[in-house]
Amino acid sequence: MTDLTPAEREALERMRDVAPPAGAEFRVRDALRAQGLMNDARPGGAARWLPRIAAALIAAAVLFFAGFNIGKGVHFMSESPAPPAGHQYMLLVIESPAVLEQGRTTEQLVSEYGAWARELGARGALVDGWKLTDDGRTVDPTSGEVRTTEFGMEYGRVGGLFVVRAADYAEAVRIAESSPHVRYGGIMEVRAIEG
Amino acid sequence: MGMTVITRMPDPEERALVERFLAERSDAAFAPLYARCAPRVYGMIVHLLGPGSRHVDDAFQDTWVRAIAGLPSFQWRSRLATWICGIALNACREVRRREGREAGADPEALDAAPAAAPFDRAERIDLERAIERLAPGYREVLLLHDVQGFTHDEIAALLGIEPGTSKSQLSRARAALRAALAAPSNSPTSATKKESVT
Chain P
1 MTDLTPAERE ALERMRDVAP PAGAEFRVRD ALRAQGLMND ARPGGAARWL PRIAAALIAA
61 AVLFFAGFNI GKGVHFMSES PAPPAGHQYM LLVIESPAVL EQGRTTEQLV SEYGAWAREL
121 GARGALVDGW KLTDDGRTVD PTSGEVRTTE FGMEYGRVGG LFVVRAADYA EAVRIAESSP
181 HVRYGGIMEV RAIEG
Chain X
1 MGMTVITRMP DPEERALVER FLAERSDAAF APLYARCAPR VYGMIVHLLG PGSRHVDDAF
61 QDTWVRAIAG LPSFQWRSRL ATWICGIALN ACREVRRREG REAGADPEAL DAAPAAAPFD
121 RAERIDLERA IERLAPGYRE VLLLHDVQGF THDEIAALLG IEPGTSKSQL SRARAALRAA
181 LAAPSNSPTS ATKKESVT
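Sequence order for the protein chains is P and X. Everything in the first sequence is counted per my numbering, starting at 1 for the first residue and increasing by one. Everything in the second sequence is counted per my numbering, starting at 1 for the first residue and increasing by one.
It is possible that some hints are incorrect.
[Unchecked claim] Quick list of the computed label-pair ranges, beta carbon to beta carbon:
#1 Trp130(P) with Gly52(X): 39 to 45 Å
#2 Glu19(X) with Ala34(P): 21 to 27 Å
#3 Ala183(X) with Arg14(P): 20 to 26 Å
#4 Gln88(P) with Asn90(X): 30 to 36 Å
#5 Asp168(P) with Glu24(X): 43 to 49 Å
#6 Trp76(X) with Trp130(P): 50 to 56 Å
Treat the hints as calculated values from the structure; they're not laboratory data. Don't be surprised by glycine CBs; every beta carbon is placed ideally from N, CA and C.
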């Protein structure tokens with residue numbers, strides 16, 4: 001037998017534990033629920049509920065709107081320029097875990113979101129914005145029931161919305177594209193507000 | 001051998017955690033089980049598949065599903081983490097079979113490698129890379145025994161080999177690891193690193 005030196009043994013034993021990445025526990029729990037091996041965390045919730053996605057999405061929404069609130073504060077507290085002429089557009093923030101999987105720290109994300117919102121506010125393009133609550137129900141007349149909102153892997157739910165003012169739809173799209181949410185893989189739906 | 005024994009007698013606290021989880025199957029009951037076992041299990045998988053493998057997370061998840069499914073029949077012949085590591089080993093073997101990744105380092109070549117100096121000053125990253133390049137049979141025995149603390153009897157039962165085979169494999173694995181770490185091609189900077197930490 002080739003014996004290890006004490007230092008070799010110590011070096012190998014140090015390799016024993018490796019911390020799983022953030023989110024791994026949520027993925028495990030999700031898989032366990034999908035197999036019916038764990039109870040759903042939410043009373044009345046579906047076993048297919050994806051807690052990892054939910055956690056990521058909630059975190060993304062919090063980050064995003066933390067940044068937004070910074071910008072909104074600037075917008076309402078400072079001497080903002082007159083709003084540009086144009087139409088109002090709604091930017092629906094579709095929550096996406098991709099935003100949290102691009103390697104930036106929470107502080108970096110909040111800072112970038114804040115900078116984006118401040119810039120919009122400073123030029124009067126930001127009308128308002130809201131973060132929606134994290135839970136909800138879907139009223140589905142086809143099934144005749146009110147069911148818990150479920151989350152998809154590719155398309156999440158709406159986590160919040162902004163109303164911006166833009167000269168036309170193309171500019172509204174450019175505003176959406178300039179947001180950290182979209183630049184980091186998140187989805188925004190841009191809709192003109194009629195009337 | 002002064003290897004730390006970590007595979008023996010289950011402690012009452014661990015048993016209580018398992019019983020609670022089986023009774024509740026709740027998040028609150030799962031969290032302490034996960035916290036207790038996850039770093040060892042994840043470490044096992046990372047080193048078996050290699051730190052850069054894209055299958056690590058899937059194998060980790062698969063391992064937990066199998067472990068929790070089999071938890072009611074767990075016999076407490078080992079610590080919980082040890083038992084789950086055995087499941088992880090099988091999950092990783094399946095991954096390698098699927099991916100045809102059994103092409104590790106050539107055992108014959110490693111056997112023929114000259115004796116090398118101890119690797120006690122090797123950087124962890126060098127050690128991980130060298131282990132990743134070991135032939136799968138060597139890698140498994142070395143990880144199970146020297147990293148995870150399994151006994152040769154446990155390894156024999158897990159791998160379906162004789163305890164004596166486990167011992168001889170381990171001896172060759174250690175020699176191969178030393179040779180791999182000493183080889184100039186292993187890491188252009190390893191020699192420098194060794195110098196720098198002396």
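Hints versus structure:
no.	hint	verdict
1	Trp130(P) with Gly52(X): 39 to 45 Å	42 Å, holds
2	Glu19(X) with Ala34(P): 21 to 27 Å	24 Å, holds
3	Ala183(X) with Arg14(P): 20 to 26 Å	22 Å, holds
4	Gln88(P) with Asn90(X): 30 to 36 Å	58 Å, violated
5	Asp168(P) with Glu24(X): 43 to 49 Å	56 Å, violated
6	Trp76(X) with Trp130(P): 50 to 56 Å	53 Å, holds
The structure fails hints 4 and 5 (numbered hints given earlier, in ascending order).
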